[in-house]
Amino acid sequence: MSFRHLRAVTRKEIFHILRDRMTLVLVLFTPTILLFIMAYAITVDIRQVPIAILDYERSAISRSLIQQITAGDDLELFSQVDSFDEIEHLLIQGEIKAALIIDPNFSSDLFSLRGLPIQIIIDGTEPQSGAYAVDHIALRAEELINIQLTRQIQALGLDLDSIQPIDLRIRTWFNPSLKPRVDLVPGLISMVLGLPALSVALTLSHEREHGTLEQLLATPISRVDLLFGKMIPYIFFGLLNVILIPLVAIAWFRIPFNGNFLLYFALSTIFLFAILGLGTIVGVFMRTQAAALALSFLVIFFPGFFLTGIFFPIASMPEIARLEALALPGTHYAIITRGVFLPGVGLDILWPYGVMLLGLGMAFIAIAALFFRKKLA
Amino acid sequence: MNSISPIILTQGLSRDFKSNRAVDRLDISIQPGELFGIVGPDGAGKTTTLRLLAGLLDISDGSAQVVGFNLKKNPESVKPKVGYMAQEFSLYAELSVLENLTFFAELYDLDKNQMRERRDSLLEFAGLTEFKQRRADKLSGGMQKKLSLACTLIHNPPLLLLDEPTTGVDPISRREFWNILTDLHLHGTTILISTPYMDEADRCTRVGLMYQGRLVECAPPHEIRANLKGELVEITPSDWKQALQLLEDLPGIIAIQTYGESLHILVNSVDEQLPEIKNVLHKHDIKYQNVRQTSARMEEAFISLIRQIEA
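Protein sequence lines, in the order shown, are assigned to chains A and B. If you're matching positions, the first sequence starts at 1 in this note's numbering and goes up one per residue. If you're matching positions, the second sequence starts at 1 in this note's numbering and goes up one per residue.
Simulated from the structure, these hints should not be mistaken for laboratory data. As the structure is a prediction and not an experimental result, all values here were calculated from the model. Cβ coordinates follow ideal geometry from the N, Cα and C atoms, glycine included. Possibly wrong hints are sitting among the right ones.
Claimed, not checked - Label-pair ranges, simulated between beta-carbon atoms:
#1 P41/B to S222/A: 36 to 46 Å
#2 P41/B to L244/A: 40 to 50 Å
#3 A41/A to D42/B: 29 to 39 Å
#4 E209/A to S269/B: 46 to 56 Å
#5 A290/A to P251/B: 51 to 61 Å
#6 D20/A to T182/B: 43 to 53 Å
#7 D58/B to F306/A: 37 to 47 Å
#8 A311/B to G211/A: 30 to 40 Å
#9 P318/A to Q11/B: 55 to 65 Å
#10 D58/B to G211/A: 51 to 61 Å
#11 A290/A to P158/B: 36 to 46 Å
#12 D20/A to A311/B: 50 to 60 Å
As the list claims (entries may be wrong) - Here are the simulated EDC-like pairs of lysine to aspartate or glutamate, each with C-alpha atoms no more than 20 Å apart in a straight line:
#13 K374/A to D16/B
#14 K374/A to D61/B
#15 K375/A to D271/B
#16 K375/A to D16/B
Excised from the complex, chain A in its bound form:
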């Protein structure tokens, strides 16, 4: 180890980043851009699903059901139709995503407590919108039933409280309104902050492709100085993103940041060290930038997507995938970001993940240094 060699490589690399506009943009802004793209692409807010209604009863009660259903902006009444054929036609045309059919005996069945005779048809090619329509129609129908039953009970002169033995109230902590982005964005942060790993993987193969590595290998620099010297600038630029990204999350996505920022910053530094170690391994093994890019996606981003528990719970994965997830820095860091943002937990809970990241980082660097040889072939 030589401090001067380390500093020389670090400085050279910083000059390179600052003077190459593409690299600068890649390093500074792609995490933010990716955060926006993923946050909006993955959490599509479904609103105003168009539906058709076929009302066979046409009573006051059925009309109040229709009114109840179309009162909010979640469902939009595209048209009220007179026959089943019309529903089929509209579904095929794609004009509606779901249709509600109200039975001729709707009110009598309702009042005699025989059930709720309605039928919902959904477009199976778009199950998300369909399921959404079913949920919301059911919700509104329940409300209607409640209102109607309450009226009946009161008409019978009974006390409402005495006949409701179970009062089930579900409360969601940390994300009370269950907004999907509030849950998703802290997890996504762990993914987009992995992007500097891509840059560090590319920088080694960039030197190989441009022949500058040949000159560098002919000097007395040690392997560790060379690899660390190349990593340090990307840790630095990564930390700029560690500050920038939460600001975007708080200011734009309205994600509450309940934890300690310094703790988050410190753990993020360790995460960057680990993920850049992984990127360095990619750079050590790949000869060209194209290959380094492809492998980065294969070992860093795709597993980051599927295995780190951001979208799919790790507990439900097969054992081999769970083991692989343990070896990915993103898995541990996702727990950290989610913990720091929403419940605002501290080091007493997060320290094992920090230790894991530190261990992974050191293992990755050791592997990279072991396989990186000062030879051209």
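Given the coordinates of chain A, assemble chain B onto it according to the supplied hints.
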């Protein structure tokens, strides 16, 4: 040769790539202070040899001693003593001339004062002083080569390994580059240079000819020229294309090269082949003039050697 121990000594040095042997049982002994040129056709193994000697490739077989160290055991000990210049431009494009020099000065552990002194004198030496703030990728090809050489020289290495440093450089820059090399040579630096140019080979104290990974000839340029089998005739025919076709397969003719409108014909013996040449040209109504015997140059010597090996 003499009692000083060689600065480069290889014995059976070989390097295999997947399917071919790029360098094949190379035995070279280079004394301190030599200006040694490696010539040979493309793919002969020149670059691989230089990379091996710079410690950039693993040795497949044989051994090499460079600046007193066993290259196989201590490749890293060799590096501070060697200045290696790769064939392709391999400096940092987005760094300035000065920043490139500083970068390499730090990697070679020059202290602050040494660095400043060395940098200034090399900029002066390479004629780059007024361009020192310019980015390396904004330099002309010739200036880039000189900057590469300056970076290679930053730590004052006793041994220089230069891989085709003047390829793709204009003649004036080439001459300047060679003035620098001559200067270094006169100050006692040992230089091993590969080159595709025969006039450059002529300027070396010794030349090694590589062919298919092997060193097939190794001697001072004048000896190589003197050993040339055959004699050289210059002739200017009225239709050189047809003349070339007719003469090529004539017995006793080793090689023909075109120089403008004239042909340089390498023959076994002028007395025997010249009448035959004239005869053939007469027969096909090709006029000719300026027939004269000239002295062979490295180029002819080189081609004739290759022909001999191939035959």
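Here is how each hint holds up against the structure:
no., hint, in the structure
1, P41/B to S222/A: 36 to 46 Å, "38 Å, holds"
2, P41/B to L244/A: 40 to 50 Å, "56 Å, violated"
3, A41/A to D42/B: 29 to 39 Å, "52 Å, violated"
4, E209/A to S269/B: 46 to 56 Å, "53 Å, holds"
5, A290/A to P251/B: 51 to 61 Å, "54 Å, holds"
6, D20/A to T182/B: 43 to 53 Å, "38 Å, violated"
7, D58/B to F306/A: 37 to 47 Å, "39 Å, holds"
8, A311/B to G211/A: 30 to 40 Å, "37 Å, holds"
9, P318/A to Q11/B: 55 to 65 Å, "57 Å, holds"
10, D58/B to G211/A: 51 to 61 Å, "19 Å, violated"
11, A290/A to P158/B: 36 to 46 Å, "41 Å, holds"
12, D20/A to A311/B: 50 to 60 Å, "53 Å, holds"
13, K374/A to D16/B, "18 Å, holds"
14, K374/A to D61/B, "19 Å, holds"
15, K375/A to D271/B, "55 Å, violated"
16, K375/A to D16/B, "14 Å, holds"
When each numbered hint is compared with the structure, violations occur for hints 2, 3, 6, 10 and 15.
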